[in-house]
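**Student:** With these hints in hand, go ahead and build the complete structure from the sequences.
Residue numbers (the working numbering), protein chains in the order written: chain A, 1 to 232; chain B, 1 to 230.
Warning: the hint list may mix true and false statements.
[Stated by the list, open to error] Restraint-style ranges between C-beta atoms, simulated for each label pair: (1) L123(A) with E59(B): 24 to 34 Å; (2) I216(A) with N131(B): 27 to 37 Å; (3) I69(A) with D91(B): 40 to 50 Å; (4) Q220(A) with W203(B): 47 to 57 Å.
These aren't lab readings, by the way, just hints derived from the structure by calculation. Beta carbons: idealized from backbone N, C-alpha and C, even for Gly.
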Amino acid sequence: MKPQPLILKILNWVSGILLVIATYLAIIWAPTEAVMGDVQRVFYFHVATGWVGMIGFLLAVFSGIMYLIKSDLKWDTIGLAGIEIGLIFSFINIVTGSIWARPIWNTWWTWDPRLVTATIMELVYLAYLMLRQGIDDPIRRARFGAIYAILGFVSVPFSFLSIRIWRTIHPVVVGSGDPGAEGTFDMTPDMQTAFFFSLFTFTVFGITLLWHRIRIGQLQDKVEQKKLELMS
Amino acid sequence: MPKQPSLTSFWKAMWAVVWKDLSAERRSREIFSVMVVFSLLVVIISNFALDLNPKTQREITAGMLWITFTFAGTLGLNRSMAIEKENNCLDGLLLSPVDRTAILFGKVIGNLLFIFMVEIIVLPLFSIFNNINLLNAGLLITLVLGSIGYVVVGTFLSTITVQTRTGNILLPILQFPIILPVIISAVRASTFFLQNQPMELIWPNLNLMIAFDLIYIALGVIFFDYLVEE
Chain A
1 MKPQPLILKI
11 LNWVSGILLV
21 IATYLAIIWA
31 PTEAVMGDVQ
41 RVFYFHVATG
51 WVGMIGFLLA
61 VFSGIMYLIK
71 SDLKWDTIGL
81 AGIEIGLIFS
91 FINIVTGSIW
101 ARPIWNTWWT
111 WDPRLVTATI
121 MELVYLAYLM
131 LRQGIDDPIR
141 RARFGAIYAI
151 LGFVSVPFSF
161 LSIRIWRTIH
171 PVVVGSGDPG
181 AEGTFDMTPD
191 MQTAFFFSLF
201 TFTVFGITLL
211 WHRIRIGQLQ
221 DKVEQKKLEL
231 MS
Chain B
1 MPKQPSLTSF
11 WKAMWAVVWK
21 DLSAERRSRE
31 IFSVMVVFSL
41 LVVIISNFAL
51 DLNPKTQREI
61 TAGMLWITFT
71 FAGTLGLNRS
81 MAIEKENNCL
91 DGLLLSPVDR
101 TAILFGKVIG
111 NLLFIFMVEI
121 IVLPLFSIFN
131 NINLLNAGLL
141 ITLVLGSIGY
151 VVVGTFLSTI
161 TVQTRTGNIL
171 LPILQFPIIL
181 PVIISAVRAS
191 TFFLQNQPME
201 LIWPNLNLMI
211 AFDLIYIALG
221 VIFFDYLVEE
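**Tutor:** Right under this line is the structure:
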């Protein structure tokens, strides 16, 4: 395996330091929200992880399209990395949301469009991983994976809309607020600082992890090639 | 690539695939009978598992119907594609000099016909078992729209799963998260139709199903070539 490039080494340290600062900002520095109390602090990581998760899935869809056009296995490696990162961060997003919802909505879970959409996206891409496990030929695996990544993603807005037609109580803190939402609040400037810093931190952290995952993917491809050479 | 196909050759190829599936089914009666019996078993099991009072039962009828068709449908889809895989029939189909899309549509229409036949038999039985009149025009339209989305995605994905090592068991795992919006809207629309709710409540659900059906038909056409190319 090639040694880590300098930028990646720097990114490792930068994301570590940023994570420490972001944690400090979110847990100690940001003011306590008047109504919800300390549990609101989960919001800083909740939104940031959701954002990185979404970027991971979007990257996978983009890589899927690129793979189908170019037939270059490089895109398959990137797509898989995007999905694994997306799965992990979306999972953290769902769990942190649940922790927040227990005191605020008085339940761990509710069948709100955003909650269900996030979960169904998680299930789509878990299915993607299972699909890949069942295919040995790397080219076919890449092709089917790319198609499924795209098909699965197209269904996500439909899921959201179909439940939206029912109702929603999930708060929209950034952007316009829905009067029916429960647990919404206005951010003070300090909260905004902590929020945007956390968003930035997790973006950098996500990119770093993605880079590492792509490098592992390249190594896996090499191992697979050597195996094929040995067998032939 | 096959030669530039004309519209008539497209129709001919498509109906040939449909006809092939129907006559194979007429002789073996494998898919249809399994789906119908399975549907009835789901109806009976859910009746005892839920043990509802008549009022609640009326409210969740649409949900029970869609659960039944969703699960029974998987059996049919799996079998329909597994038949193609046996004796390399799929390769034979793909080698024939016709537009690949015609093959996809042929399989989709064949599967749709199977699921419609199952629905036609299960609906009256369901009405009798649960003492509720399900012969409602709106419900039938919802069944058609929902089944189209279900079958288009299912047929397409069964072409993928049949080529994997894990095979059939993977199909519901891949299909259900994608067709969730269709099921949600279909259950909603069916419930509203059965309760005689105003159309303005029902339309959003129907529209969503129509949009879903059209988009996934288009995606099927775009991607089917990638799916079967060697």
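**Student:** Compare the structure with each hint and give your call.
**Tutor:** Each hint tested on the structure:
1. L123(A) with E59(B): 24 to 34 Å: Check passed, 27 Å falls within 24 to 34 Å.
2. I216(A) with N131(B): 27 to 37 Å: Roughly 60 Å apart at Cβ, these two residues miss the hinted range, so it is violated.
3. I69(A) with D91(B): 40 to 50 Å: 26 Å, violated
4. Q220(A) with W203(B): 47 to 57 Å: Once the Cβ atoms are compared, 49 Å apart, the range 47 to 57 Å for W203(B) and Q220(A) holds.
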